[in-house]
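**Student:** The primary structure of each chain is shown beneath.
Number of protein chains: 2
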Amino acid sequence: MKTDAERHNSKISNANLEMKIRNLGNFVIDVLNTNESPYFDIPIRTLSNVEFDKENLKIVMKDKKSRRNFLNIAHTRKFTQTLSAAAVIYKELLQTEKTTSLRDLFYMLKRTIPDTKINLVDEQIESDNAVEDLELLLDDLRENLHVNAKKKGSVAGNVVIKDGDDIIAWNKMGSGGWAVPSNVENIEFKGVDAKFVLFMEKDAVWNRLNEDKFWKKNNCIIIESGGQTTRGVRRILQRLNKEFSLPIYVLVDFDPWGIYIYSVIKYGSIGLSHLSDMLSTPKCKFLGLNGNDIEKYGLKKHLIKLKDVDIQRLEEMKNYVWFKDKNDWKEQFDIMKKFNAKAEIEALSARGISFITEKYLPEKIANKEFLD
Amino acid sequence: MKTDAERHNSKISNANLEMKIRNLGNFVIDVLNTNESPYFDIPIRTLSNVEFDKENLKIVMKDKKSRRNFLNIAHTRKFTQTLSAAAVIYKELLQTEKTTSLRDLFYMLKRTIPDTKINLVDEQIESDNAVEDLELLLDDLRENLHVNAKKKGSVAGNVVIKDGDDIIAWNKMGSGGWAVPSNVENIEFKGVDAKFVLFMEKDAVWNRLNEDKFWKKNNCIIIESGGQTTRGVRRILQRLNKEFSLPIYVLVDFDPWGIYIYSVIKYGSIGLSHLSDMLSTPKCKFLGLNGNDIEKYGLKKHLIKLKDVDIQRLEEMKNYVWFKDKNDWKEQFDIMKKFNAKAEIEALSARGISFITEKYLPEKIANKEFLD
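Just so you know, the protein sequences line up as chains D and U, in that order.
Counted the way this note's numbering counts, the first sequence spans residues 1 to 372.
Counted the way this note's numbering counts, the second sequence spans residues 1001 to 1372.
Some hints could be false.
[Said to hold, decoys possible] Below, computed lysine-lysine pairings styled on DSS-like, alpha-carbon distance capped at 30 Å: (1) U:Lys1098 - D:Lys301; (2) D:Lys150 - U:Lys1217; (3) U:Lys1216 - U:Lys1359; (4) D:Lys162 - U:Lys1285; (5) U:Lys1150 - D:Lys150; (6) U:Lys1195 - D:Lys162.
Keep in mind that the hints were calculated from the coordinates and are not lab data.
Using the sequences and the accompanying hints, generate a full structural model.
**Tutor:** Structure follows, in structure tokens:
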């Protein structure tokens, strides 16, 4: 695993990765020269190969691998797809210093193998899997392979960054904020004057905080991702926490989905367990809404009854190994069950439009009322 | 309908609106003083009251109204909700100069009527309808009532704006761009140096164009909305077209959904027909993808078979009055039907990662290959 200093230096990172890809290719050639079948040993991406690392507080991948053998006809197609994806990424992305999306990469790989009627890939899931294979083989983020995820979310605060040739001040972004790009690996933080970072799932809440200049009055950074966090937002949170020791507070709905957003930011996700090192922020804290807020802030009449799908998700959440041994979280899940209801952040508006910025958030933060 | 100059002057706009809301309240009091039942006459929001204005090229609302009478028990609830929404908007939004979301407004209105067990609103659809009633009664955008829609999308180009106290240069936004806020009514354009605006539905395409500095090389503005256009993006497009006579080109997938995005930007939508004046841009042009691009740019092997739901939507689109008399569009729908397939913008990446910025777009724009 590379150090952060390395990861953030695009040129070193590129050179390293390019060397790793060349090594992958050379390995295939070397094996071919011995008249053997070339192969890759790829970590297995199933639940059975995932565990929770209690010491480092993150979901990690165990070390079971499966061999993908070119001359095993059950493997030939996948082997060829992964190797071709490596070639396209090397030549058309890294060498040209361009980035692209998974959908575009699918089209870049979708070609007919000469003298056959066989397409290298027919469905995007095949090229997606090839990229995931490469993340595992090369032990790096797909963003560093120049394959970007969905872009969403915006940010404001007393921060100055350098992105390409542009110097961008997050405190001069008006009502919109700076749009967080999908790839934040090469962003340089030039100045960070903030005491903490407040992440919120909802853009409407961000708007309220931005309009009330919450980030200015409380010297913090506010960032939203319009729902589930994107990889870009997760990377920014991790970088601000690691590089500047900023506390990260998470503000989501009091429902299983909101708590899961927190869980993913903090511990990583099962699907991306091999990337927890780069995407998770174990030190982040859950600010709210929590079950105790409901009585305390008079939100009881704004509870929303749980649906079957919420209850099912709640049961799953309760049993996650990183929640089930924690009494604080057991209490939260019990409250949700007792009320048989969830509550939304926007419910605070029933107490007044700026109740959230003038009362709720300052009080919670001053009293350090966080769940961990 | 207010003039643009008025609409963009927040203070005049606020004062006008506040006066209109006071007039609404005074009218109710005047009627009450005659011992009659107060009422509102509200334009009917059904398809039967919508038509296409061929001269001005937009979907408009006809003038059928229905009377909502307080003492008609079938109307009492809705009348009260609309009046209460007006009061909350007046006192808690306009007078405090704050904005909010529909979801927050729901909670602000969700209270029990004193001495009863009846909630003023039980479901968000009721407060949403009250806001829509007010848009119609006051003849203004809900953004000017300080009720914001979803925020999404980003923009880059040689443009300087003033938003609140911040001066924001859209050409210094790095890889992210400026996040387009939900409410762009009070943004002042301080400098616009661009020959046209290119709107695209997909953030991945925007990333490619931004990375290739397409907006710099072609002196244009690039803007995306990550799918269906938001009201904020539609207002920005209209303002750039009206205030700076900039041509607007729309870049979407060649499928019924992409063409509908174009249709909404150009003519407005049936659901918001009363706002077409403020949200539509009749002069915008469809740049692509179009059916002829498929052969011309070698995308035939990247066609995707239409699903039943696509075919159904295609049939609906063909019959829209603003498409069905146009031979160019008839041809497009016929091509889609003949191929029984759609094509995505990303398919251009099969021709090379920067094919879109170096060949496709410059060629289409130079040859003015637009559909109208």
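**Student:** Confirm or reject each hint.
**Tutor:** Here is how each hint holds up against the structure:
Proximity of U:Lys1098 to D:Lys301 is assessed by CA-CA distance (about 25 Å); at most 30 Å being required, the pair is judged to hold. Taking the CA atoms of D:Lys150 and U:Lys1217, the gap is near 25 Å; set against the 30 Å cutoff, the hint holds. Of the pairs offered as hints, the one joining U:Lys1216 and U:Lys1359 holds, with about 16 Å between alpha carbons and a cut-off of 30 Å not exceeded. At most 30 Å may separate the alpha-carbon atoms for a hinted pair to count; D:Lys162 and U:Lys1285 exceed this at roughly 36 Å.
For the given pair, U:Lys1150 sits about 17 Å from D:Lys150 by alpha-carbon distance, which is consistent with the 30 Å threshold. A C-alpha spacing of about 28 Å is found between U:Lys1195 and D:Lys162, which places the hinted pair at or below 30 Å, so the restraint holds.
The structure is inconsistent with hint 4 alone, although it conforms to all the rest.
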